[in-house]
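Enquirer: Single-letter residue listing:
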Amino acid sequence: MEYEVVIGLEVHAELSTKSKIYCSCTTEFGGEENTHCCPICTGMPGVLPVLNKNVVEYAVKAGLATNCTIAEFSKQDRKNYFYPDLPKAYQTSQYDLPLCKEGYIDIEVEGEKKRIGITRIHIEEDAGKLMHDEWETGTLVDYNRCGVPLIEIVSEPDIRSAEEAKAYVENLKAILEYIEVSDCKMQEGSLRADVNLSVRPKGQKEFGTRTEMKNLNSFRSIVRAVEAETQRQINEIESGGVVVQETRRWDDNKGVSYAMRSKEEAHDYRYFPEPDLVPIVLEKEWIEKVKEALPELPDARRKRYIAEFGLPEYDAGILTSSKRLADFFEEAVSKNSNTKAVSNWIMGDLMRILKEKNLEVDQIPFPAEYLANLIGLIDKGTISGTIAKKVFEKMFDSGKDPQVIVKEEGLEVVSDEGALVEVVKKILESNPQSVADYKSGKEKAFGFLVGQAMKETRGKANPQLINKILKEELEK
Amino acid sequence: MKVTKETIEHVANLARLNLTEQEKEKLTTEMEDIISYVDKLNELDTSGVSPTAHVIPIKNVFREDEAKASYDREKILANAPSTENGCFKVPKVVE
Numbered sequence: 001m002e003y004e005v006v007i008g009l010e011v012h013a014e015l016s017t018k019s020k021i022y023c024s025c026t027t028e029f030g031g032e033e034n035t036h037c038c039p040i041c042t043g044m045p046g047v048l049p050v051l052n053k054n055v056v057e058y059a060v061k062a063g064l065a066t067n068c069t070i071a072e073f074s075k076q077d078r079k080n081y082f083y084p085d086l087p088k089a090y091q092t093s094q095y096d097l098p099l100c101k102e103g104y105i106d107i108e109v110e111g112e113k114k115r116i117g118i119t120r121i122h123i124e125e126d127a128g129k130l131m132h133d134e135w136e137t138g139t140l141v142d143y144n145r146c147g148v149p150l151i152e153i154v155s156e157p158d159i160r161s162a163e164e165a166k167a168y169v170e171n172l173k174a175i176l177e178y179i180e181v182s183d184c185k186m187q188e189g190s191l192r193a194d195v196n197l198s199v200r201p202k203g204q205k206e207f208g209t210r211t212e213m214k215n216l217n218s219f220r221s222i223v224r225a226v227e228a229e230t231q232r233q234i235n236e237i238e239s240g241g242v243v244v245q246e247t248r249r250w251d252d253n254k255g256v257s258y259a260m261r262s263k264e265e266a267h268d269y270r271y272f273p274e275p276d277l278v279p280i281v282l283e284k285e286w287i288e289k290v291k292e293a294l295p296e297l298p299d300a301r302r303k304r305y306i307a308e309f310g311l312p313e314y315d316a317g318i319l320t321s322s323k324r325l326a327d328f329f330e331e332a333v334s335k336n337s338n339t340k341a342v343s344n345w346i347m348g349d350l351m352r353i354l355k356e357k358n359l360e361v362d363q364i365p366f367p368a369e370y371l372a373n374l375i376g377l378i379d380k381g382t383i384s385g386t387i388a389k390k391v392f393e394k395m396f397d398s399g400k401d402p403q404v405i406v407k408e409e410g411l412e413v414v415s416d417e418g419a420l421v422e423v424v425k426k427i428l429e430s431n432p433q434s435v436a437d438y439k440s441g442k443e444k445a446f447g448f449l450v451g452q453a454m455k456e457t458r459g460k461a462n463p464q465l466i467n468k469i470l471k472e473e474l475e476k
Numbered sequence: 001m002k003v004t005k006e007t008i009e010h011v012a013n014l015a016r017l018n019l020t021e022q023e024k025e026k027l028t029t030e031m032e033d034i035i036s037y038v039d040k041l042n043e044l045d046t047s048g049v050s051p052t053a054h055v056i057p058i059k060n061v062f063r064e065d066e067a068k069a070s071y072d073r074e075k076i077l078a079n080a081p082s083t084e085n086g087c088f089k090v091p092k093v094v095e
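Going down the list, the sequences are from chains A and B. Counting in the working numbering, the final residue of the first sequence is number 476, and the numbers go up one at a time with none missing. Counting in the working numbering, the final residue of the second sequence is number 95, and the numbers go up one at a time with none missing.
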């Protein structure tokens, strides 16, 4: 039987405010255990939480950027559960009146555009960190992250494949980065996704029973978890079993998921309005002002790159997929108008090296201007394309301006004809067999001799000149 | 509204309360009384009244986003029954 997978995602993004959601402890990542804590975020009795103004503004920005309706009246609620990652035995969240609802974003998979609905976006506090494995006798708790503001973005069950899930999270991440409300560092857990997934026979209208997989914090784990869970549910059904509604934990190392707890009972959260926090009432004019102040979003920027720089749609899509990358591109283009070359260097060598070195765009050790300088050196004929690639690698090692590197290491193209004639003569002398081969009509030998001459000059010789001199010398 | 012993057990479990059989029976009756009492509210026509979000009529109490010094870790951990390596220590929990 053919099956269809139905996916809804809950994406949690930590907001990049300076202080926590209800107290003035720092939101900085890391730090010694339990040093970013106070009586409010550790849930001591008798304290009064006060909502951080920027949390509301950032969440509203996220809502506006994802085409949501912003609630003019919103409130916060207590979600009750016992687990030591939250010291209060409840999480302050939003239940029936979230800040934003009914939005959407557009994604594109294999050339097909699709609209994914967003059910709601609400604000809540992050939980602390539990360390289970190293200590046999108990669980250790670090509350530094407790109270860091989060938005939870809940999608409609509109997603139909792992690729769509990935594209959705990628687009969402790009939007949040563009509007600068979250740094979206997945490796630090500041962007993570829960996957709700069910399968049904193709053509069936009703949804199957769904499972939830929590805290997937890389694109790779999202894709793998979706693929594995889809297959697991299909196998379950095919072998005559039923899918049980439950929460599962994805083990990315082993590539399998485990049942965590039965959802029915664990999700009896007994929400009630948070008595310590008062309703949030937003004026239409204020919402309008926030909307007007939104920066250019990825989609608009992509379209602009196509129109303004004449880039192919694919290239424009890649360059604008991350704000930092797009900023880097524009910075370089402002110093060197060879747009196509800048785009090619970024999409080719830059992306490759970032991947190899496992670096983020903001960790590039030199300014975008240096890439512009490098391209300038090639365009002026100061260095060859081959040498440029080497210089680029060196820029990553030292962070130096390519102009400096080229000078320091003497990498300029050698166009001094007299010097190159000497090089060619030397090569011809030491390769009599190749010379003989060439003279007997073997064209291949010529290429070999060019290669030897380039090698002799460590790639610095002007290749056109080498060709010319070599021909002349062989004709003699 | 009828409250069953199962409802009491379920709620007690959610609140992590261990109840004796006697307590369960007592609470079943008491809970039923309480709910019947509150049920009186249903006699009122509230169709034009919006649900109460907060008992005090105030709104928009915010603080500026400023990070200030946190507490010393010793103070934060001072009341914890058990600590280790600068962390709170709790009975082993694995879901």
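To be clear, the hints were calculated from the coordinates, so they are not data collected in a lab. Check each hint, because a few of them may be wrong.
[What the hints assert, rightly or not] Per label pair, the in silico range of CB-to-CB distance:
hint: 1; chain 1: A; residue 1: V281; chain 2: B; residue 2: M31; range: 30 to 38 Å
hint: 2; chain 1: A; residue 1: E102; chain 2: B; residue 2: G48; range: 19 to 27 Å
hint: 3; chain 1: A; residue 1: Y95; chain 2: B; residue 2: E43; range: 24 to 32 Å
We treat Cβ as the ideally placed atom computed from N, Cα and C, and that holds for glycine.
Enquirer: If a hint holds in the structure, say so; if it doesn't, say that too.
Expert: Going down the list of hints, with the structure as the test:
1. V281(A) with M31(B): 30 to 38 Å: At 36 Å between Cβs, range holds.
2. E102(A) with G48(B): 19 to 27 Å: Holds - the Cβ-Cβ distance for E102(A) and G48(B), about 26 Å, lies within 19 to 27 Å.
3. Y95(A) with E43(B): 24 to 32 Å: 27 Å, holds
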